[in-house]
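Visitor: So the chains spell out like this:
Protein chains: 2
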Amino acid sequence: MEEGQRCTSYFFVIKGCLRLFFTDDKGVEHTLQLALENWWMTDIDAFRSERQSGYTIQALETTEVLVITDRNYELILAKLPVMEKYFRLIYERAYAASLSRIRMISRMPKDEFYDLFRTKYPAFMQRVPQKILASFLGFTPEYLSELRKRK
Amino acid sequence: MEEGQRCTSYFFVIKGCLRLFFTDDKGVEHTLQLALENWWMTDIDAFRSERQSGYTIQALETTEVLVITDRNYELILAKLPVMEKYFRLIYERAYAASLSRIRMISRMPKDEFYDLFRTKYPAFMQRVPQKILASFLGFTPEYLSELRKRK
Chain A
1 MEEGQRCTSY FFVIKGCLRL FFTDDKGVEH TLQLALENWW MTDIDAFRSE
51 RQSGYTIQAL ETTEVLVITD RNYELILAKL PVMEKYFRLI YERAYAASLS
101 RIRMISRMPK DEFYDLFRTK YPAFMQRVPQ KILASFLGFT PEYLSELRKR
151 K
Chain B
1 MEEGQRCTSY FFVIKGCLRL FFTDDKGVEH TLQLALENWW MTDIDAFRSE
51 RQSGYTIQAL ETTEVLVITD RNYELILAKL PVMEKYFRLI YERAYAASLS
101 RIRMISRMPK DEFYDLFRTK YPAFMQRVPQ KILASFLGFT PEYLSELRKR
151 K
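Chains as they are written, first to last, in my numbering: chain A, 1 to 151; chain B, 1 to 151.
What the hints contain is simulated information worked out from the structure, not anything from laboratory work. Just so you know, not all the hints are guaranteed correct.
Note that identical chains are pooled: a pair holds if it fits in a single copy or bridges any two copies.
When the alpha-carbon atoms are kept at most 20 Å apart in a straight line, the in silico EDC-like pairs for lysine to aspartate or glutamate are as follows [unchecked claim]: (1) K120 with E92; (2) K85 with D70; (3) K120 with D45; (4) K26 with E2; (5) K120 with E74; (6) K15 with E64; (7) K26 with D111; (8) K110 with D25; (9) K149 with E3; (10) K79 with D24; (11) K85 with E74; (12) K131 with D25; (13) K110 with E50; (14) K26 with E50; (15) K149 with E112; (16) K110 with D24; (17) K79 with E146; (18) K120 with E64.
None of the values given here were measured: they were computed from a predicted structure.
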């Protein structure tokens with residue numbers, strides 16, 4: 001998925017790792033989300049409102065995904081009531097996780113945030129490149145490498 | 001709802017305004033969410049996992065709410081399939097909004113964030129006390145008042 005193109009795809013990771021990022025005015029890439037196996041990823045706002053994506057999605061490893069289009073997403077929800085429950089649970093959790101992330105990036109001391117993140121998501125620590133991990137955590141790569149050495 | 005108590009209530013605002021906040025080690029209150037008419041509010045993570053709330057919910061005006069308990073929330077979803085669709089849509093939007101908030105608080109220059117927020121949510125600007133609005137936006141009250149004068 002490319003920033004600026006109409007967002008019609010919703011990805012489900014079978015195997016591998018995706019990241020969702022945007023590029024600011026200065027050309028710096030900012031990673032907002034990461035997805036490992038069994039996670040969904042898209043620019044949900046653009047996907048649901050048939051607008052251009054504000055983000056790019058990139059594979060960080062050789063990645064296998066399932067893709068559903070916006071039309072088929074509507075169709076599957078209309079035809080299979082169990083999918084309403086499935087996506088209600090997916091969003092409920094995604095929403096809860098994003099609120100806890102807002103709390104963390106807003107207020108938590110950086111090293112506490114780092115400890116919590118590596119406890120909660122050890123797979124990310126091993127599989128995501130340092131530079132991208134730093135961008136996701138809101139750290140400079142130098143600060144992340146310093147933290148890693150210290151812990 | 002009080003921080004530290006078991007979270008069993010989910011609020012729907014009929015009339016009025018709620019805020020969700022936590023108090024840090026230094027006694028400073030941080031506002032994470034605001035809810036006007038027709039919005040839902042709870043500590044969704046604690047509500048769904050039957051844990052203690054990490055937040056307090058407070059009414060900022062004389063507020064009328066509907067309350068659903070965790071048990072009845074499960075019941076209504078099991079009994080009425082249309083409620084799965086209803087909450088799927090509620091969370092889909094809430095999730096999209098929280099991602100856009102993460103993008104804004106992480107990276108956007110403060111005055112751009114302020115402009116976007118007041119354009120998108122003019123009701124909050126009028127109804128929420130300055131101090132709480134500043135805390136929600138991640139500004140000091142002084143900086144918010146300076147921005148207001150400048151615009």
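Visitor: Look at each hint and say if it fits the structure.
Guide: Now the hints, each set against the structure:
Only within a single protomer do K120 and E92 lie at most 20 Å apart by alpha-carbon distance; the minimum there is 18 Å, versus 23 Å between protomers. When the C-alpha separation of K85 and D70 is checked against a cutoff of 20 Å, the pair qualifies both within a copy, at 18 Å, and between copies, at 16 Å. With identical chains, the CA atoms of K120 and D45 are at most 20 Å apart between copies only, with a shortest distance of 15 Å across copies and 26 Å within one. For a Cα distance limit of 20 Å, the shortest separation of K26 from E2 inside one copy, 18 Å, qualifies, whereas the shortest one across copies, 43 Å, does not.
Within a single copy, K120 and E74 get their C-alpha atoms no closer than 33 Å, and across copies no closer than 27 Å, so neither meets the 20 Å cut-off. For the homomeric pair K15 and E64, the shortest alpha-carbon distance inside one copy (5 Å) is at most 20 Å, but the shortest distance between copies (48 Å) is not. For a Cα distance limit of 20 Å, the shortest separation of K26 from D111 across copies, 18 Å, qualifies, whereas the shortest one inside one copy, 27 Å, does not. Taking the closest pair of Cα atoms, K110 and D25 come within 20 Å of each other only across two copies (15 Å); inside a single copy the shortest separation is 25 Å, beyond that limit.
Within a single copy, K149 and E3 get their C-alpha atoms no closer than 35 Å, and across copies no closer than 35 Å, so neither meets the 20 Å cut-off. When the C-alpha separation of K79 and D24 is checked against a cutoff of 20 Å, the pair qualifies neither within a copy, at 40 Å, nor between copies, at 47 Å. In this assembly of identical chains, the alpha carbons of K85 and E74 lie at most 20 Å apart whether taken from the same copy (14 Å) or from different copies (11 Å). For a Cα distance limit of 20 Å, the shortest separation of K131 from D25 inside one copy, 19 Å, qualifies, whereas the shortest one across copies, 31 Å, does not.
When the C-alpha separation of K110 and E50 is checked against a cutoff of 20 Å, the pair qualifies neither within a copy, at 37 Å, nor between copies, at 28 Å. In this assembly of identical chains, the alpha carbons of K26 and E50 never lie at most 20 Å apart, being 28 Å within a copy and 45 Å across copies at closest. With identical chains, the CA atoms of K149 and E112 are at most 20 Å apart within one copy only, with a shortest distance of 15 Å there and 37 Å across copies. Taking the shortest Cα distances, K110 and D24 sit within 20 Å of each other only across copies (15 Å), while inside one copy they are farther apart (23 Å).
Proximity of K79 and E146 under a CA criterion of 20 Å is satisfied in neither setting, with 52 Å inside one chain copy and 53 Å between copies. In this assembly of identical chains, K120 and E64 lie within 20 Å of each other by CA distance neither inside one copy nor across copies; the values are 24 Å within and 38 Å between.
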